[in-house]
Amino acid sequence: MDILKIRDAKDVEQAVQAAIAAEQPLEVVGHGTKRAVGQPMATNAVLDLSALNGVTSYEPNELILTVEAGAPMADIKSLIDSKNQEFDFEPMDTSALLGTASLSGTIGGTIAAGLAGPRRIKSGGARDHLLGVAAVSGFGESFKAGGKVVKNVTGYDLCKLIAGSWGTLAVMTEVTLKVMPKAEHEVTLVLHGLDDVTATRAMSAALGSSFDVSGAAHLPQSAFRGATGVLAGLGSQGAVTLLRLEGIGASVVHRANSLTAALVSFGKADRCEDEASQAAWVAIRDVTPFAASGPLGAWPVWRIVCPPASGGAFGRELARETGGDVIYDWGGGLIWAALPPSADAHAGLLRSKLAAIDGHATLIRGSDPLRRAIDVFHPHSEGVAALNRRVKSSFDPRDIFNRGRMTRA
Amino acid sequence: MSIMMPVPDQAILDRRSSIVAALREIVPGEGVIDSAAEMQPYESDGLTAYRQPPMVVVLPDTTEQVSRVLRYCHDNGIKVVPRGAGTSLSGGALPLADGVLLGMGKFKRIRDIDYENRTVITEPGVTNLAISQAVEHEGFYYAPDPSSQIACTIGGNIGENSGGVHCLKYGMTTNNVLGCEIILINGEVLRIGSKAPEQAGYDLMGIITGSEGLLGVVTEVTVRILKKPETARALMIGFPQVEASGECVARVIGAGIIPGAMEIMDKPAIHAAEAFVHAGYPLEVEALLICELDGPEVEVDELIARVEKIAKDCGATTLQISNSEKERLLFWSGRKAAFPAVGRISPDYLCMDGTIPRGKLPQALTRIRELSQKYGLGVANVFHAGDGNLHPLILYDANKPGEMDKAEAFGADILRACVEFGGVLTGEHGVGVEKRDLMPEMFSDIDLAQQQRIKCAFDPQGLLNPGKVFPTLHRCAELGRVHVHGGKLAFPDLPRF
Numbered sequence: 001m002d003i004l005k006i007r008d009a010k011d012v013e014q015a016v017q018a019a020i021a022a023e024q025p026l027e028v029v030g031h032g033t034k035r036a037v038g039q040p041m042a043t044n045a046v047l048d049l050s051a052l053n054g055v056t057s058y059e060p061n062e063l064i065l066t067v068e069a070g071a072p073m074a075d076i077k078s079l080i081d082s083k084n085q086e087f088d089f090e091p092m093d094t095s096a097l098l099g100t101a102s103l104s105g106t107i108g109g110t111i112a113a114g115l116a117g118p119r120r121i122k123s124g125g126a127r128d129h130l131l132g133v134a135a136v137s138g139f140g141e142s143f144k145a146g147g148k149v150v151k152n153v154t155g156y157d158l159c160k161l162i163a164g165s166w167g168t169l170a171v172m173t174e175v176t177l178k179v180m181p182k183a184e185h186e187v188t189l190v191l192h193g194l195d196d197v198t199a200t201r202a203m204s205a206a207l208g209s210s211f212d213v214s215g216a217a218h219l220p221q222s223a224f225r226g227a228t229g230v231l232a233g234l235g236s237q238g239a240v241t242l243l244r245l246e247g248i249g250a251s252v253v254h255r256a257n258s259l260t261a262a263l264v265s266f267g268k269a270d271r272c273e274d275e276a277s278q279a280a281w282v283a284i285r286d287v288t289p290f291a292a293s294g295p296l297g298a299w300p301v302w303r304i305v306c307p308p309a310s311g312g313a314f315g316r317e318l319a320r321e322t323g324g325d326v327i328y329d330w331g332g333g334l335i336w337a338a339l340p341p342s343a344d345a346h347a348g349l350l351r352s353k354l355a356a357i358d359g360h361a362t363l364i365r366g367s368d369p370l371r372r373a374i375d376v377f378h379p380h381s382e383g384v385a386a387l388n389r390r391v392k393s394s395f396d397p398r399d400i401f402n403r404g405r406m407t408r409a
Numbered sequence: 001m002s003i004m005m006p007v008p009d010q011a012i013l014d015r016r017s018s019i020v021a022a023l024r025e026i027v028p029g030e031g032v033i034d035s036a037a038e039m040q041p042y043e044s045d046g047l048t049a050y051r052q053p054p055m056v057v058v059l060p061d062t063t064e065q066v067s068r069v070l071r072y073c074h075d076n077g078i079k080v081v082p083r084g085a086g087t088s089l090s091g092g093a094l095p096l097a098d099g100v101l102l103g104m105g106k107f108k109r110i111r112d113i114d115y116e117n118r119t120v121i122t123e124p125g126v127t128n129l130a131i132s133q134a135v136e137h138e139g140f141y142y143a144p145d146p147s148s149q150i151a152c153t154i155g156g157n158i159g160e161n162s163g164g165v166h167c168l169k170y171g172m173t174t175n176n177v178l179g180c181e182i183i184l185i186n187g188e189v190l191r192i193g194s195k196a197p198e199q200a201g202y203d204l205m206g207i208i209t210g211s212e213g214l215l216g217v218v219t220e221v222t223v224r225i226l227k228k229p230e231t232a233r234a235l236m237i238g239f240p241q242v243e244a245s246g247e248c249v250a251r252v253i254g255a256g257i258i259p260g261a262m263e264i265m266d267k268p269a270i271h272a273a274e275a276f277v278h279a280g281y282p283l284e285v286e287a288l289l290i291c292e293l294d295g296p297e298v299e300v301d302e303l304i305a306r307v308e309k310i311a312k313d314c315g316a317t318t319l320q321i322s323n324s325e326k327e328r329l330l331f332w333s334g335r336k337a338a339f340p341a342v343g344r345i346s347p348d349y350l351c352m353d354g355t356i357p358r359g360k361l362p363q364a365l366t367r368i369r370e371l372s373q374k375y376g377l378g379v380a381n382v383f384h385a386g387d388g389n390l391h392p393l394i395l396y397d398a399n400k401p402g403e404m405d406k407a408e409a410f411g412a413d414i415l416r417a418c419v420e421f422g423g424v425l426t427g428e429h430g431v432g433v434e435k436r437d438l439m440p441e442m443f444s445d446i447d448l449a450q451q452q453r454i455k456c457a458f459d460p461q462g463l464l465n466p467g468k469v470f471p472t473l474h475r476c477a478e479l480g481r482v483h484v485h486g487g488k489l490a491f492p493d494l495p496r497f
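Chains as they are written, first to last, in my numbering: chain A, 1 to 409; chain B, 1 to 497.
Below, simulated DMTMM-like cross-link-like pairs (lysine to aspartate or glutamate); rule was C-alpha separation at most 20 Å, straight line:
#1 182/A x 274/A
#2 406/B x 370/B
#3 122/A x 114/B
#4 144/A x 441/B
#5 169/B x 184/A
#6 309/B x 184/A
#7 122/A x 116/B
#8 169/B x 86/A
#9 144/A x 420/B
#10 182/A x 302/B
#11 144/A x 445/B
#12 169/B x 59/A
#13 374/B x 420/B
#14 326/B x 230/B
#15 144/A x 447/B
#16 312/B x 302/B
If you want the footprint, here are the derived chain A segments under chain B, 3+ residues with CB under 8 Å:
#17 122-129
#18 138-144
#19 207-214
#20 392-398
It should be emphasised that the hints constitute simulated quantities derived from the structure, not laboratory data.
Built from N, CA and C at the ideal position, the CB exists for glycine as well.
Only chain A is shown next, with the shape it has when bound in the complex (with noise of 0.2 Å):
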């Protein structure tokens, strides 16, 4: 296979240009760590972005950060953190559960993937704090879009577009993204012993509470099965429910009181602050139970959205007729499913199923062949679907950008 080992964003422009006129397709890649994830690709050759690595420009008192896209995330993440800043959007750390070596990933591939942690429910995801990009399109023009404020409505917004893309419209070179500041101090509240439905109650509420609460997870008893560390502790007495908060020390703590008091319906709450609490959060938004190397390992994992409040009781029906394990995130809008393999890794049933509560699922993680033989991502409604192709289109009018990724030919 042909590896192009991109020196800089010029380089990139040249590939393309040349891969178009060759009609040759070509897979994106930064650090590689999430290549298995889609469609097994048509593609024959690799445009490689690792060596466009460089940080442009860094404002801390701005909270805006300027990257190439090929930067990996362990440098960045570094760097913002020694100016106590970090992505607000939390974005997950796939290597666990792809089980890929120990590279961090690079910026455009958090980017491309969209994959947002826990406080997406507070802070939204990817696509809220992408407001620049520089990128090459598949007619191989060099273009921008967005800007390097946060606050900006001039011209289209591709940076949204881009975002969750899996690399399918436009080669990033260079992303500016919103970066904030770090919280004082955080505690979780830990109820114990809640079923999925009432679980589902209990973070909506807290949700739906002034305490601000940024983040909302339950894990039944048996995700505990592949948990470690920190969490592994927390679910020593079966399920449990996170409720998190964070800011300046007062604060959270009028909140923990205020909220445990909202909840006491829901049992007693107990308490994990700061480092404990960290260490909860950052298990949950990278599904470390469900991790390669653990005893689901060998499983298929959907990632499912949903709105908020059906969560539970779809999780709970969808574990029961598969016997597969749930985790659930964002209130009950997120569910992480381990299903036992199957054909189809019970894509079918699970479909059908979301269709009633106007869900989609993602398979994150699955076979070359299972994911030869189904939708890896949600299949659209007839009209949907062609505005997603002519979108594409728009961009990359020869699919030369990881073809057949997003799409089952």
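Chain B: place on chain A using the hints.
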């Protein structure tokens, strides 16, 4: 009118009576307006300097009617300009002489309120404020709050990606909408997103929001609602120099504090507002910063103390902290009335809307002052300082020959300066017709072509709201052409493995 709009199609104008009759078939009764007198209210939007009577006004009240109107226009090559309440400040709803003006004002129903999922499903003609009012008895609200919120509609908010004073902390429209029903120009009805926190596939909701009515017509919107903070208090801080107020804003943000809102007014704006609403503003200061903190009382108290310290370090000469809800609203009353207040001291004014990096505030203000002298026109400044969004109000008298042109040139220079400082042409009002011809200041031909290709994916004939946003109209066939650069390897020196 100093801006060129697409040349009206005489063949369409010649068919006006048959078009009106066909539209009456689709929308019976009073839903089709074709008399000059009755169409007059639709001649302009909030950018009143630009006026144009439409060919005909259609006011449908069902999704099916919208779909049929659009399909009819599509099949007959007729242009369509969608309109909500007509409060756009950039001319987004300016009619076309040969176009159908599609008013969505009859879509006034809130369809679903769901506190468990924290969502509201509403028709597009519902006002921004009405959404908050519908849920306030349960302590909820819809966060984006453009200053026209009493009148502007959620459909228009989607079109413009509207902001407001609280978007520093709570985001703009795009960060607060989950889904919609949208009708394409060919009449096709699509559902995008749902009450789920994320949609599947490409983020179509993200591209529809802020597309200024060029991609489709929204007939239903799903928004997320939030519980109101326990309390909110405001500081009103006066500074002897505008630069010091800008520095204070930068330091507050730099200290990791994200206030609910942070607004600056300069001396002319302070005086105009005070004369209008008597909010008790200090008149001797050069700049007034209103900073609102919201959250639990203990948090607000703590943050007020921190902001107070920063303000004093920055040389604040007056400082008041609201001690009641009444007082907080009084602090805001002058800021919220700043535009009409300025309207009282000048026969006409032009409201600009550029955004700059926060740290460039002092330079931007100096530049605006220099330009004010150069053009010989007064200017009053109000800013959403927390996010660097400037609203210079250029004072002029349209009855004095040449003054409007001068004001527009002044405004264009301000926006060019915003781009020069690393900012953008518009923070929340949209491009519309007003900033259309300035787009090349910020975007190359290639950048603009890529945006227009998205337009082509939704509306290949360019019938929806043409003449807005893009300075040059290209045919979709031309934009869709791929230029193949030779057949040879164009980068022989690129490392290969």
